[in-house]
Structure formats: C-alpha cells, structure tokens
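**Q** Sequences and hints are given; from them, build the entire structure.
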Amino acid sequence: MAFSQSHVTAARRHQHSRIIIEVDEYSSNPTQAFTFYNINQGRFQPPHVQMVDPVPHDAPKPPGYTRFVCVSDTHSRTDPIQMPYGDVLIHAGDFTELGLPSEVKKFNEWLGSLPYEYKIVIAGNHELTFDQEFMADLIKQDFYYFPSVSKLKPENYENVQSLLTNCIYLQDSEVTVRGFRIYGSPWAMKTHIRWFRGWQSPGI
Numbered sequence: 001m002a003f004s005q006s007h008v009t010a011a012r013r014h015q016h017s018r019i020i021i022e023v024d025e026y027s028s029n030p031t032q033a034f035t036f037y038n039i040n041q042g043r044f045q046p047p048h049v050q051m052v053d054p055v056p057h058d059a060p061k062p063p064g065y066t067r068f069v070c071v072s073d074t075h076s077r078t079d080p081i082q083m084p085y086g087d088v089l090i091h092a093g094d095f096t097e098l099g100l101p102s103e104v105k106k107f108n109e110w111l112g113s114l115p116y117e118y119k120i121v122i123a124g125n126h127e128l129t130f131d132q133e134f135m136a137d138l139i140k141q142d143f144y145y146f147p148s149v150s151k152l153k154p155e156n157y158e159n160v161q162s163l164l165t166n167c168i169y170l171q172d173s174e175v176t177v178r179g180f181r182i183y184g185s186p187w188a189m190k191t192h193i194r195w196f197r198g199w200q201s202p203g204i
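Final position of the sequence shown in the UniProt record's numbering is 204; the numbers increase by one with none missing.
Since the hints were derived computationally from the structure, they do not count as laboratory data.
You can take every hint at face value.
Quick list of in silico lysine-lysine cross-link-like pairs, DSSO-like style, CA-CA up to 30 Å:
1. 153 to 140
2. 119 to 106
3. 106 to 151
4. 61 to 119
5. 119 to 105
6. 140 to 105
7. 105 to 151
8. 153 to 106
9. 153 to 105
10. 151 to 140
11. 140 to 106
**A** So this is what it looks like as structure tokens:
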C-alpha cells in the first residue's frame, strides 16, 4: 500500500470489554489463505473483516478514540512525505530499497522526527538484511543479484534491526499499545521470482 493510498482510521477503545476475533481456518497455511481470499475477493466478506471508510487526514479525533496511521512502501523516500496526525504509526514493510544499514539509519532518523506516541515497524521483502538466512545464501552465490548488499560483511548486517531505536520493531512478535494488541510478521508467500523472495518459511 503506497502512502498516497494510506488510510487513517479511528478505533474505539473498549475499556470494560473485549472483542474476540476467531482464528481464521487458513491461519496455519498462509499460502492457501492468500489463494482463497484472492480468488474470492469481492464475492464475500470474511466474518472477521469489517470494511471501513477512510477518515480525512484533517478530521478531528473524537474523545476516547485512538487514531492509527498506517503506511508502507516508503522505500527510503520519506523526505517529501507529509504525515497526518495520529496516536500510533504502523509502517508495514518496505521502508528501504535493499535494507542497507545506511538506509535503516536514515529511516530511523525520520521516525525520530515524528510526533506519534507509538511507532511500530515491520520489515518487508525489501529489507533483505533483516533476513539472516537469505543473506547467508546470497553471499554464497557466484553472481550477485544485489551487488551493494552482497558485498556487505556479516558484522555490518547481523544485528541491523538494532539500528531501529526510535520505534517498536515487530518480527513474529506482538505489542500492546493503548489496549490494542498488534502482531507483526514479515513473512511472504513462496514465489519463483527471486526479487520477490523476501521473507519465506518452509510453510509459506
């Protein structure tokens, strides 16, 4: 989802009750889930998904609400972006081009300049250096798909996520902010196109 298509949503916090969301029947098989919902998209609405209308960026926030600002795919091009007001920022993947440490540092500095109370970041398929298995395989290749990444020394990327000091980084983990539980995972579906390999596990 590009920033131009970002949605700013307002969600009501329930202080005395909980909303229980049932586990999706395809949750143990992400590839099957994607295939099923992609094919049937538009035919029906899953019971745990509710369509909402985007909230205008300048809309006032009602008392008792938490406003989420959700963006992705900024790809190291954050300088011209005008971010809307909100309480919680979620950046859902692809904040760099290749996951180079210099890109991560620049992104972290940008995060530090933002006024959100909470900033949550999840890696995407462009954050190559965040995937240690992928990097180990990449540097063994006889030819380079990504020369600038392939030439990195392990000590320069093995702990690259530690450069994200101005946010909460989620990698197969969750955090609770303002009563909302947020789970973040970078995994992507298997594909034969190497550029879109991203994060993959045997079951995806």
